[in-house]
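Chemist: Sequence:
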Amino acid sequence: MSDEEGASNNELILAACKNDHLDMLEDVLNQPGTFNVNHADSLGNTGLHYAAKFGALSCVASLLQQPEIEVDKQNRISFDTPLHMAVTYKDDPSVTLEMVQLLIEHDADPRIPNKLRQKPVDIVDRGFPELRSLLQQAELGINMGQDDIVGDDSDSDSDGEISE
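Residue numbers (this note's numbering): 1 to 164.
Don't read these hints as lab results, they were simulated from the structure. There's no promise every hint is true.
Listed next, the in silico DSS-like pairs over lysine-lysine satisfying Cα-Cα at most 30 Å (straight line) [unchecked claim]: (1) Lys-90 / Lys-53; (2) Lys-90 / Lys-119; (3) Lys-119 / Lys-53; (4) Lys-115 / Lys-18; (5) Lys-73 / Lys-119; (6) Lys-90 / Lys-73; (7) Lys-90 / Lys-18; (8) Lys-18 / Lys-53; (9) Lys-73 / Lys-115; (10) Lys-115 / Lys-90; (11) Lys-18 / Lys-119; (12) Lys-115 / Lys-53.
Computed beta-carbon distance windows for the label pairs [as the list claims (entries may be wrong)]: (13) Asn-143 / Pro-32: 34 to 42 Å; (14) Arg-117 / Gln-137: 17 to 25 Å; (15) Glu-130 / Glu-11: 32 to 40 Å; (16) Gly-145 / Lys-90: 26 to 34 Å; (17) Ser-8 / Gly-141: 33 to 41 Å; (18) Met-144 / His-106: 14 to 22 Å; (19) Asp-109 / Pro-129: 18 to 26 Å; (20) Asn-9 / Met-144: 39 to 47 Å; (21) Glu-11 / Glu-68: 13 to 21 Å; (22) Glu-130 / Gly-6: 39 to 47 Å; (23) Arg-117 / Leu-140: 16 to 24 Å; (24) Asn-9 / Glu-105: 21 to 29 Å.
Note that the structure is predicted; figures quoted are calculated from it, not measured. For each residue, glycine too, the CB sits at the ideal point set by N, CA and C.
Assemble the whole structure, with the sequences as input and the hints as a guide.
Modeler: In structure tokens, the structure reads:
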């Protein structure tokens, strides 16, 4: 790429999310086929990682509308997911709560550990019980859902044979 070409759409997504520039992000997202919404930089961070890290709530919401978004992608250095990054945003607790809620609603898995074997709930500030509770409830909901699925299989009277 020559200097005259400027930044690629993948680079623009990262820049928009780092700086909470929703208009720039949506300009790129409105050009299907010209970007990879899961593009990661050399650290393994995607636009969703950066939007969560910097409290760019509108960018988080916009990215989550993309059908191919990977909400649980782990970065290369610390293996953090966007959910790990969202829980560490401290500038505005209401934004933190809303970002985490959005990520969970879009199937972010609160059980994924990072390189230090910490789940997002493990790195929540102790003075933020609402956030801790939200993550614990999400984890419980996932675990109960899996138990129900396993329970459904074990309650079956059939041994897998087809009856006529």
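Chemist: Against this structure, judge whether each hint is valid.
Modeler: For each hint, the structure was consulted:
| no. | hint | verdict |
| --- | --- | --- |
| 1 | Lys-90 / Lys-53 | 9 Å, holds |
| 2 | Lys-90 / Lys-119 | 18 Å, holds |
| 3 | Lys-119 / Lys-53 | 16 Å, holds |
| 4 | Lys-115 / Lys-18 | 23 Å, holds |
| 5 | Lys-73 / Lys-119 | 14 Å, holds |
| 6 | Lys-90 / Lys-73 | 22 Å, holds |
| 7 | Lys-90 / Lys-18 | 15 Å, holds |
| 8 | Lys-18 / Lys-53 | 8 Å, holds |
| 9 | Lys-73 / Lys-115 | 13 Å, holds |
| 10 | Lys-115 / Lys-90 | 22 Å, holds |
| 11 | Lys-18 / Lys-119 | 23 Å, holds |
| 12 | Lys-115 / Lys-53 | 17 Å, holds |
| 13 | Asn-143 / Pro-32: 34 to 42 Å | 37 Å, holds |
| 14 | Arg-117 / Gln-137: 17 to 25 Å | 22 Å, holds |
| 15 | Glu-130 / Glu-11: 32 to 40 Å | 36 Å, holds |
| 16 | Gly-145 / Lys-90: 26 to 34 Å | 31 Å, holds |
| 17 | Ser-8 / Gly-141: 33 to 41 Å | 38 Å, holds |
| 18 | Met-144 / His-106: 14 to 22 Å | 19 Å, holds |
| 19 | Asp-109 / Pro-129: 18 to 26 Å | 22 Å, holds |
| 20 | Asn-9 / Met-144: 39 to 47 Å | 40 Å, holds |
| 21 | Glu-11 / Glu-68: 13 to 21 Å | 18 Å, holds |
| 22 | Glu-130 / Gly-6: 39 to 47 Å | 42 Å, holds |
| 23 | Arg-117 / Leu-140: 16 to 24 Å | 20 Å, holds |
| 24 | Asn-9 / Glu-105: 21 to 29 Å | 27 Å, holds |
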